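Taken in order, these protein sequences are the chains called U and D. With my numbering as the guide, the letters of the first sequence map in order to residues 84 to 663. With my numbering as the guide, the letters of the second sequence map in order to residues 84 to 663.
These aren't lab readings, by the way, just hints derived from the structure by calculation. Note that the structure is predicted; figures quoted are calculated from it, not measured. Just so you know, not all the hints are guaranteed correct.
If chains are identical, the list can't say which one is meant, so a pair holds when it fits in one copy or spans any two.
Unchecked claim - In silico DSS-like links for lysine-lysine, alpha-carbon gap of 27 Å or less:
| # | residue 1 | residue 2 |
| --- | --- | --- |
| 1 | Lys628 | Lys548 |
| 2 | Lys121 | Lys649 |
| 3 | Lys280 | Lys311 |
| 4 | Lys548 | Lys601 |
| 5 | Lys376 | Lys96 |
| 6 | Lys218 | Lys453 |
| 7 | Lys628 | Lys589 |
| 8 | Lys635 | Lys453 |
| 9 | Lys280 | Lys269 |
| 10 | Lys628 | Lys663 |
Number of protein chains: 2
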Amino acid sequence: MLIDSINSPADLKNLSIQQLNSLAGEIREGLFNRLTKKGGHFGPNFGIVEATIALHYVFNSPEDKIVFDVSHQCYPHKMLTGRAYGFFDESRFSEVSGYTNPEESEHDFFNVGHTSTSVSLASGLAKARDLTGGKENVIAVIGDGSLSGGEALEGLDFAGEMTTNFIIVVNDNDMSIAENHGGLYKNLRELRETDGKAENNLFRAMGLDYVYCGQGNNIEALIETFKKVKDTDHPVVVHIKTLKGAGYKPAEENKEIWHWTNPFNRETGERPAQNPDNLNSLTAQFLLKKMEKDPRVAFICPAVPGNFGFNKENRLKAGSQFIDTGIAEEHAIALASAMAKGGAKPVFGTHSSFIQRTYDQLNQDLCINKNPATLLVNTASVWGMRDITHLGIFDIPLMSNLPELVYLAPTNIEEYFAMLEWSIEQTQYPVAIRMPCNGIIHSTLPQDTDYSDLNKYKITQKGSKTAILALGDFFQLGEKTADLIEKETGIRPTLINPRYITGLDKELLTSLAADHTKIITLEDGILDGGFGQKIASFYGNSSVKVYNFGLKKEFIDRYDPSDILKENHLTPQQIWEEVK
Amino acid sequence: MLIDSINSPADLKNLSIQQLNSLAGEIREGLFNRLTKKGGHFGPNFGIVEATIALHYVFNSPEDKIVFDVSHQCYPHKMLTGRAYGFFDESRFSEVSGYTNPEESEHDFFNVGHTSTSVSLASGLAKARDLTGGKENVIAVIGDGSLSGGEALEGLDFAGEMTTNFIIVVNDNDMSIAENHGGLYKNLRELRETDGKAENNLFRAMGLDYVYCGQGNNIEALIETFKKVKDTDHPVVVHIKTLKGAGYKPAEENKEIWHWTNPFNRETGERPAQNPDNLNSLTAQFLLKKMEKDPRVAFICPAVPGNFGFNKENRLKAGSQFIDTGIAEEHAIALASAMAKGGAKPVFGTHSSFIQRTYDQLNQDLCINKNPATLLVNTASVWGMRDITHLGIFDIPLMSNLPELVYLAPTNIEEYFAMLEWSIEQTQYPVAIRMPCNGIIHSTLPQDTDYSDLNKYKITQKGSKTAILALGDFFQLGEKTADLIEKETGIRPTLINPRYITGLDKELLTSLAADHTKIITLEDGILDGGFGQKIASFYGNSSVKVYNFGLKKEFIDRYDPSDILKENHLTPQQIWEEVK
Numbered sequence: 084m085l086i087d088s089i090n091s092p093a094d095l096k097n098l099s100i101q102q103l104n105s106l107a108g109e110i111r112e113g114l115f116n117r118l119t120k121k122g123g124h125f126g127p128n129f130g131i132v133e134a135t136i137a138l139h140y141v142f143n144s145p146e147d148k149i150v151f152d153v154s155h156q157c158y159p160h161k162m163l164t165g166r167a168y169g170f171f172d173e174s175r176f177s178e179v180s181g182y183t184n185p186e187e188s189e190h191d192f193f194n195v196g197h198t199s200t201s202v203s204l205a206s207g208l209a210k211a212r213d214l215t216g217g218k219e220n221v222i223a224v225i226g227d228g229s230l231s232g233g234e235a236l237e238g239l240d241f242a243g244e245m246t247t248n249f250i251i252v253v254n255d256n257d258m259s260i261a262e263n264h265g266g267l268y269k270n271l272r273e274l275r276e277t278d279g280k281a282e283n284n285l286f287r288a289m290g291l292d293y294v295y296c297g298q299g300n301n302i303e304a305l306i307e308t309f310k311k312v313k314d315t316d317h318p319v320v321v322h323i324k325t326l327k328g329a330g331y332k333p334a335e336e337n338k339e340i341w342h343w344t345n346p347f348n349r350e351t352g353e354r355p356a357q358n359p360d361n362l363n364s365l366t367a368q369f370l371l372k373k374m375e376k377d378p379r380v381a382f383i384c385p386a387v388p389g390n391f392g393f394n395k396e397n398r399l400k401a402g403s404q405f406i407d408t409g410i411a412e413e414h415a416i417a418l419a420s421a422m423a424k425g426g427a428k429p430v431f432g433t434h435s436s437f438i439q440r441t442y443d444q445l446n447q448d449l450c451i452n453k454n455p456a457t458l459l460v461n462t463a464s465v466w467g468m469r470d471i472t473h474l475g476i477f478d479i480p481l482m483s484n485l486p487e488l489v490y491l492a493p494t495n496i497e498e499y500f501a502m503l504e505w506s507i508e509q510t511q512y513p514v515a516i517r518m519p520c521n522g523i524i525h526s527t528l529p530q531d532t533d534y535s536d537l538n539k540y541k542i543t544q545k546g547s548k549t550a551i552l553a554l555g556d557f558f559q560l561g562e563k564t565a566d567l568i569e570k571e572t573g574i575r576p577t578l579i580n581p582r583y584i585t586g587l588d589k590e591l592l593t594s595l596a597a598d599h600t601k602i603i604t605l606e607d608g609i610l611d612g613g614f615g616q617k618i619a620s621f622y623g624n625s626s627v628k629v630y631n632f633g634l635k636k637e638f639i640d641r642y643d644p645s646d647i648l649k650e651n652h653l654t655p656q657q658i659w660e661e662v663k
Numbered sequence: 084m085l086i087d088s089i090n091s092p093a094d095l096k097n098l099s100i101q102q103l104n105s106l107a108g109e110i111r112e113g114l115f116n117r118l119t120k121k122g123g124h125f126g127p128n129f130g131i132v133e134a135t136i137a138l139h140y141v142f143n144s145p146e147d148k149i150v151f152d153v154s155h156q157c158y159p160h161k162m163l164t165g166r167a168y169g170f171f172d173e174s175r176f177s178e179v180s181g182y183t184n185p186e187e188s189e190h191d192f193f194n195v196g197h198t199s200t201s202v203s204l205a206s207g208l209a210k211a212r213d214l215t216g217g218k219e220n221v222i223a224v225i226g227d228g229s230l231s232g233g234e235a236l237e238g239l240d241f242a243g244e245m246t247t248n249f250i251i252v253v254n255d256n257d258m259s260i261a262e263n264h265g266g267l268y269k270n271l272r273e274l275r276e277t278d279g280k281a282e283n284n285l286f287r288a289m290g291l292d293y294v295y296c297g298q299g300n301n302i303e304a305l306i307e308t309f310k311k312v313k314d315t316d317h318p319v320v321v322h323i324k325t326l327k328g329a330g331y332k333p334a335e336e337n338k339e340i341w342h343w344t345n346p347f348n349r350e351t352g353e354r355p356a357q358n359p360d361n362l363n364s365l366t367a368q369f370l371l372k373k374m375e376k377d378p379r380v381a382f383i384c385p386a387v388p389g390n391f392g393f394n395k396e397n398r399l400k401a402g403s404q405f406i407d408t409g410i411a412e413e414h415a416i417a418l419a420s421a422m423a424k425g426g427a428k429p430v431f432g433t434h435s436s437f438i439q440r441t442y443d444q445l446n447q448d449l450c451i452n453k454n455p456a457t458l459l460v461n462t463a464s465v466w467g468m469r470d471i472t473h474l475g476i477f478d479i480p481l482m483s484n485l486p487e488l489v490y491l492a493p494t495n496i497e498e499y500f501a502m503l504e505w506s507i508e509q510t511q512y513p514v515a516i517r518m519p520c521n522g523i524i525h526s527t528l529p530q531d532t533d534y535s536d537l538n539k540y541k542i543t544q545k546g547s548k549t550a551i552l553a554l555g556d557f558f559q560l561g562e563k564t565a566d567l568i569e570k571e572t573g574i575r576p577t578l579i580n581p582r583y584i585t586g587l588d589k590e591l592l593t594s595l596a597a598d599h600t601k602i603i604t605l606e607d608g609i610l611d612g613g614f615g616q617k618i619a620s621f622y623g624n625s626s627v628k629v630y631n632f633g634l635k636k637e638f639i640d641r642y643d644p645s646d647i648l649k650e651n652h653l654t655p656q657q658i659w660e661e662v663k
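Whenever a hint applies, use it, and build me the whole structure from the sequences.
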């Protein structure tokens, strides 16, 4: 295979167009090999094969610097920069991550997982080049709906004032994860339909030069286009039209579900059926029922509708009560706050990792104004997403220290829906709910329907000596630890479901001191700035001993949750060892 | 005066154009009265007098909803909505805040202090209107450089897909606080120069309808324009050209320094001279010297250069080593990270309140990539900015729980510059420095030059029984408390300068337990998620008692720092009372 002779992009330079086209076929084989067996981002990578070959043919990486965004479209780039083994050799899949990664290669400049960052990051490399006297090309590649994110637009605006070499490749496949949203995508369509000649042009309006290439899956056309802008002395946007999923019919035809895939059958396109009882689907069903009964209920989702059960069919059912803002988390929070102010009942949902984009909007637009919007925080857990750029373990320090916010941690499915029902209907507080992420755990006990008496923890088992405050997803760990302690000591510990992450039940905590000498806190996230440290502070000047259990403050990557739990002493046995 | 008869915007409707013009003069008198005596935002309010009158003449607030951004341009709006006393009656100045405030009036829909939010917030009111069957106009007013902020651009993009009434008034005075930055402002200039007819049009490219009014300080022309768009059935941008500071020559001529003013002399335009030894100026001098010696050093500032001593003269001196990104904090952090990656030595600076915009960029673009950029966090203190929307008391929980970041808290000017010098030259860590904010406190002691041995706290006074860990700006409070305790008990307490907010000196903390029974922590920010709680957690299972002192987690507004300190038991006497 040709790919075997490509150890670095320099090895591309002497290939003919015909050979480059063969190489594209081989790269797709590599993609199939990894994705059918391991899963990963499908559509973005199949769409950008030719553009990646052309980029590396024309430019000289790593002297010329290419920054990918969303970097989940970097698989072909990895194959051309000495990491083909991560795609062709199943035993080495795990050596290569799904995003650009400077630890893997000098051709990768940043760990990039959150979208909309490449223009800003690449402009920084360009500025550093100018200050240090370099002459290389700096290229930002942006695609998959990333343009609508605030950081990308800020970056474009900044680039519009640059006066030296800077190339922005807009990989336009007409899709985010789901369809694109926002007025600027209408403009991209206009530009595609007029071969780049439409009068309205977002990029020119931002002060940028502009080149269009309608044949974004044609290596020869792309090479010609990139050669035109190579060594430019000013910033220029190269708008290329590509086909998401190109080269695999099922993916070309159903772009949304083939954005990312689990292992699948290449011949049939069959993928393992999703359990229809997953929490995302149940959440969508719940919200659709609420919407049907009350036209004021709406679900706002920044570009991840499928992860809340809002597939095409459900979006259609919800109609104008479903709002996909596109990749625009900041806007989405302000929108939710204002909708609540205006008398609607908005529910916002995204992942723990992506809500990081909204700290200031949570603080300013939502909490200062105390509007009763509901926020659902998904995959907020050690069992959530497991790439270094997509961790769900930072939202407790991020959100629980915001004044006015009520952040709830349900411990089972019934409690989750009871909290959600209450939150939608109440009009006093901004409320966030940390969605369970440790499997579908049911409770047969009756659930409270009113959570407005804030910060009342729930004693689920009354004991003595030791009390365990087991938050949210770690409640089951608390149960197991309580059983173990009872078994080991013969004394039944008290088990508490704190429910509220954002405040202390001082009355209960004070009363515990009467017949408990040890308090164990368990939380499914980093300890720093979290729940347990507040408990430790509360008991700081008392004789009660407090033991905080949770995760260490660190970035972890492609981890096995059970390893991480063990490393952090989070098995019942380890907890007992430390406390006894 | 006419203004005396205006109790609500309804009272404007029967006035003639001539009377409305007289009213504009009266409003400026009100502005002069308050601003000469109390200070506040000058240029933005003088520029928007006519537009505010025209808005309230044409639309029917509060049924029609007007959302101001940056809401520091809302003073004329306040005068027309029953709050003229807050401008004409000195004894009532304090009843009216400098921003829109729903607690003051039904004509204010949100507390807005951070910029770039009105489009998103107003679009939420419009969406709620549509879901609840309303018919009113919803108007977002945006100005003063706010358009470059990511949230504003996300909001415009979202508005481009709306299909019902929505009006966006772009108050274009060609300025941020300093001059505008970013390619989109070139487009605004083109539009101003062509009477709105330029081919490139950012708003149309975002999918929005567009109307231009070049006479933004002419009530009659504005009324005509607003009447055209009233009751529109789709989103439309009304781009009005106004003169910042209109009606006061010194402000028209020097827009930057008259953006905001202290009390001043109206006749002469004289304002109290700034102490040239303030920390901002000293910081600029320090950085300019570094820049002169090393072309790789650069200062990045999102639209608040004056607050870091970078006045026009200093910006000129710094040349291409000074970068004002405009209002674009997210971009600025990614830029800083990438510049560090590219071998430059970037220093980023903004206020504690505005760095809130960048949590995700700190986490993803900077800390995961561990690039050695330096961040300066200004007014991070109870003595910082004191409006509810501009508090400097949340940055410790925001930043200190990020993995890989080194967040330093200097306790005096010399230590601050020693840390800054080290940070710029080191290449291992992303480093943030919490700038002192409790006056210019000098130290004659020699300062460390190397801070790379992370999390080593400094014992500044060795004692016994009680140890005080006094962080950053609260170090002097720690000294006073130590003196008091020694006086009261005859036993000298240990006093410690922790220096590192982001980690524990476990060795030192462990050794303290040998001869100390009480540990006091002091921090200049909210306690929740902060420094002291980590200390409490560390000692949780020991017999050492820990007392955390800091601020309660709450939004405070227009406060007196000494009141807040007392309320939070933060005088030496109160601390001693609680600990003894």
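These are the hints, each one checked on the structure:
1. Taking the shortest Cα distances, Lys628 and Lys548 sit within 27 Å of each other both inside one copy (11 Å) and across copies (20 Å).
2. In the homo-oligomer, the alpha carbons of Lys121 and Lys649 lie at most 27 Å apart inside one protomer (25 Å), although the nearest pairing across protomers, at 60 Å, exceeds that limit.
3. With identical chains, the CA atoms of Lys280 and Lys311 are at most 27 Å apart within one copy only, with a shortest distance of 18 Å there and 31 Å across copies.
4. Within a single copy, Lys548 and Lys601 get their C-alpha atoms as close as 6 Å, and across copies as close as 25 Å, so both meet the 27 Å cut-off.
5. Taking the closest pair of Cα atoms, Lys376 and Lys96 never come within 27 Å of each other, the shortest separation being 63 Å inside a single copy and 41 Å across copies.
6. With identical chains, the CA atoms of Lys218 and Lys453 are at most 27 Å apart between copies only, with a shortest distance of 25 Å across copies and 51 Å within one.
7. When the C-alpha separation of Lys628 and Lys589 is checked against a cutoff of 27 Å, the pair qualifies both within a copy, at 16 Å, and between copies, at 18 Å.
8. For a Cα distance limit of 27 Å, the shortest separation of Lys635 from Lys453 across copies, 18 Å, qualifies, whereas the shortest one inside one copy, 32 Å, does not.
9. Taking identical chains as interchangeable, the C-alpha atoms of Lys280 and Lys269 lie at most 27 Å apart whether they share a chain (14 Å) or sit on different chains (21 Å).
10. Proximity of Lys628 and Lys663 under a CA criterion of 27 Å is satisfied in both settings, with 11 Å inside one chain copy and 21 Å between copies.
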